[in-house]
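**Q** In order, the protein sequence lines correspond to chains A and B.
Under this note's numbering, the first residue of the first sequence carries the number 37, and numbering increases by one thereafter.
Under this note's numbering, the first residue of the second sequence carries the number 11, and numbering increases by one thereafter.
Possibly wrong hints are sitting among the right ones.
Here are a few chain A residues that sit away from chain B, every Cβ distance over 12 Å (derived from the structure) [as the list claims (entries may be wrong)]:
#, residue
1, Arg52
2, Ile59
3, Tyr79
4, Val80
5, Pro194
6, Phe209
7, Thr283
8, Pro316
9, Val318
10, Leu335
Partial selection, computed: residues in chain B whose CB lies under 7 Å from chain A [unchecked claim]:
#, residue
11, Pro82
12, Leu88
13, Lys153
14, Ala154
Just so you know, these hints were derived from the structure itself, not from any lab.
We put the beta carbon where it would ideally sit given N, CA and C, even for glycine.
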Amino acid sequence: MDLIESYKEDLRLIRRFGTGFWIVLLLIGLILLPWFAREYWVYVVTLIFIYSIGIQGQNILIGYTGQISFGQAGFLAIGAFTYGHLSLLGSPILVNLFFSGLMAGIFGILVGFPSLRLKGPYLAIVTLGFGIAVYQVFVNSEILSGGRMGLTIQKLQPLFGLSQMTTYYYFNFILVFLFTLLSYNLISSFVGRAFIAIRDNDIAAEAMGVSLTRYKLLSFAISSFYTGVQGGLYALLMGYLEPNMFTFLETITIFVAVIIGGLASVEGSILGAAFVVMVPQVFSNTKAFIPVIYGVTILIILIFEPLGLSGRWMKIRLYLRMWPFR
Amino acid sequence: MPLLEIKDISISFGGIMALSGISLQVQEEKIIAVIGPNGSGKTTLFNCLTGIYHPNEGEIHLNGENILRLSPDAIAELGIARTFQNLRLFMNMNVLDNLLVGRHLHFRKNPLLPMLRIRKEEILHRKIIEEIIDFLDLQAYRKARVADCPYGVQKRVELGRALALEPKLLLLDEPISGLTSEEKEEAAYRINEIRGRFQMTILLVEHDLRIASRLADSMVAFYYGQKIAQGTPEEVQRNPEVIRAYLGDD
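Here chain B stands alone, though its shape is the one from the complex (with noise of 0.2 Å):
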């Protein structure tokens, strides 16, 4: 069974069809790549998968369980974490209550415990949360607000706010652009060490074609809320529908 099916999902704002009967499957531990050009429905697909918008038709099954109508907390404990296309952090916060946030759901929530500062659960967050900061070497910036942060290290900071709900579904928008060249080959080492390393799905929207060919094990391809091409990489990028919706036609 796949861990995500999406069956026909069509949503409209206005007149504009964001995207119209949309179907993809996930296997597990997979990562699959979503292509397309600016506007042509990757975000909104991602919306939907989280729940900030509901599709006007369709069906979305994680696990077998339909998610349409849930709210977006209910989907993120039922195990979909994502990160956004631009940086959506809590700017006033340090890079550790950023990344706490993300524990969130983890936390056993007894109203006493905080009113009479008993800690204990917290330390055990807090070291899941050291372990990812580790992973993702943000140590010197652990205390920093991070507003102050540069771009480079709030990208991985929302990476790691959506690693620390260990979610079985990870949604990246974006994940590596507007960073440096070496920036972007660490980005890239580490979204596939996370499928290694935490056993997550990872569905990547992304339009630096040559790292996300190198990443997915297969590909979407999107344009005007449709689907114009799916399957492994090379194919996806030798589709004429594909080549024409980059380049136009001739």
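With the rest of the complex left out, here is chain A (with noise of 0.2 Å):
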């Protein structure tokens, strides 16, 4: 046990010093990491960290509050189209970026609102509608999805001498960074503390004074922030844009990533972004099993490690910190 002599102390993000010590290790890791590894390695980890911006939203939102919900891919396509709109007119990438966030949390409080009186299937069944409805409006709109041809948006010009890839590499592993640091934060804050508290028994937080109006709507408005970032990003890696990249699947696959990642952790969400991210690269030829491969993790991990992955890295961490008891 470590002694803790100050509240400062205790509140700390990185309370140990071995804790520190491998973030450090890990964040030198992904730095050097374009040095080394093969150029489509590159491309993969760089989509690892534009799924867990999203990801991470999610958690939030289903993870933490405890309102599960099947909008994603409508929220994705609303930040991509506003991305790929805005860039058409020429604005500059982080002021599209926050622009497509912001859009997207927006439409994240109007989906917000049956979540007052709904809950649980309810809430899902009404958020798989938007989805749904938002990707019709996509396919059905030409104004707004670019017809045929879909959206061309101009990609990331290389910096400082360095490739393509590396350059969005690193621009997105500043963004993940500091996305990540935010989800720490607000999940540590009186905010987080009030999401829980909606989530493991929404009368007594009523009860306490926390208003269950306005933290459920924050709570979608972050996540759908979060979620239509992800969308900006994805539409600046890709370089085009048409509805098709947002089908159904889409939600499925960042569902996905936040059970098998772990719900309430935002470690986890970065775990199930690379999972589910690694999947389809690894069984590229048999594309047609992905959702098998995701149906049959469900399976497994809600019945063997209901934690997720975070909670079995958390056990083994565990198991480490006390070997060789047991």
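Quick one: dock chain against chain with the hints and give me the complex.
**A** Laid out in structure tokens, this is it:
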């Protein structure tokens, strides 16, 4: 047991020296990765970065606030197409990203209103309807989706003499680093506590003065902001957009990542993102089997490790810390 | 002026009158015990006071302000905190976080502070929570997940969470049920101490009449949604209607 001498010490993000050491090592590893990995792997890790932003957001909503949502594809599409149209107007990348998050966040609040009345499976069905509706709107509206050709988006210019892929890698690395810090900070503050209180016992939370209206909508807004930014970054990486990139399968992918990574865990979201990005890459010649793999993994995870990958990771850490005792 | 004034509230669920025409005045810094057989409407009264149910008719005034149509969080903000009969804790949080949720109302809710991890305010509230932890003897359980704590500890955490709100009126729904006799004595001592130390008014539902009558300044008896007796604990317990409600005719 460590001796904690002040409240300030107790509220630090990284409490143990060991944890800090491993995190620094991991960050250095990630920074050096493009220098010795093949470009293909740099691309895969960049994709993991992009996904892990949105999945952290959805974990705040599903894992921490306990509001089951299936509208992720809708928010992704809104974020991505907002990015696309703004970039056609020629505004700078960071501004575009902010507005794609903001637009998705506004729609998140709209979708959040039913959550004030509905719980569990009923809310899931409402949000599912939203996701499908957004997809249909984009498919049927040529002004929004850019018609058959889709939208072509200007890609990131290579900076500082790096290759284009490496520039993407570092750009997304910085963003995911900031978003991860933001998630940790939010979750450990009064906002995060209000979210968890609503999940664990909404009646008690309300009796303690946590406004359900405000915090449920806030949770929807934050999670959709994250997902909208993911959509924007995805658009930037791909360089083109069409509605078929945001089918229901995308919703399933993000939902699977949240469950497999571990509900209510920021690290878990990143592990979950790594899982859903790697599976299609590894099984690229048997694409039809990917939903099967997702389904089977969810079954296995829910039966043997309900806490997901992050729960398993915590148990391994505990085992190593206790070793050779058990 | 009384702190809490209930005028003729009635509420019915379908054909059942859960409360009919209840009036009650609660003076400041008093402990009032509410007794009655099961299903007589004691918890329904608490749910009406905290905004979980909205009475069909009547008025409820807290410090002269009508709180009848307010939502539970608005009522909590005006200064009513409660505990629940069947514990309603945040089971996956640790004891400390549960108590800090009780401080939620007292945070200045500037969204930039949590995002940038500026935790000055949090430290301030931690100090207040530590006093409550000392008062309730929860030091050993500070970082334990509530679901893993024994029942007696969970009861104290729930009491502490309500205390953390610093309410004017504290509603305790069976605060000593299910405890060992030793814990009951401690809890009774603490309830009395809360009134003295934190200057709170306490409304308390309790089935253990021995402890309830020792604690309470006055007592109210309910039976099938109606108030059948009010007065000092001795008066209420000698009231023939109350005896009939508990023991039946003859």
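**Q** Just checking, A:Thr283 versus chain B, shortest CB gap more than 12 Å?
**A** Label holds. Min Cβ-Cβ 33 Å, cutoff 12 Å.
**Q** Checking a non-interface call: every C-beta of chain B should be farther than 12 Å from the C-beta of A:Pro194. Is that right?
**A** holds (32 Å)
**Q** Have a go at the B:Lys153 hint: is there a Cβ in chain A nearer than 7 Å to its own Cβ?
**A** Hint on B:Lys153: violated, closest Cβ of chain A at ~9 Å, above 7 Å.
**Q** Can B:Ala154 be said to touch chain A, with a Cβ gap under 7 Å?
**A** With Cβ-Cβ at 13 Å, over 7 Å, it is violated.
**Q** Next item in the hint list is B:Leu88. Is there a CB on chain A closer than 7 Å to its CB?
**A** violated (10 Å)
**Q** So is A:Leu335 really clear of chain B, every C-beta pair being over 12 Å apart?
**A** Nearest chain B Cβ is 24 Å from A:Leu335, so the label holds.
**Q** Against chain B, does A:Phe209 keep a CB gap of more than 12 Å to every residue?
**A** Holds, since 20 Å exceeds 12 Å.
**Q** Beyond 12 Å on every Cβ pair: is that true for A:Val318 relative to chain B?
**A** Non-interface label stands for A:Val318: nearest chain B Cβ at 34 Å, farther than 12 Å.
**Q** Could you let me know if the closest chain B CB is still more than 12 Å away from the CB of A:Val80?
**A** holds (30 Å)
**Q** Hint validation: B:Pro82 versus chain A, beta carbon distance must be below 7 Å. Holds or violated?
**A** Holds, about 4 Å.
**Q** Evaluate the condition: distance from the CB of A:Pro316 to the nearest CB of chain B exceeds 12 Å.
**A** Its Cβ never comes within 12 Å of chain B, the nearest being 33 Å, so this holds.
**Q** Mind verifying the non-interface call on A:Ile59? Its CB should be farther than 12 Å from each CB in chain B.
**A** holds (16 Å)
Of the numbered hints given earlier, the model fails hints 12, 13, 14; all others are met.
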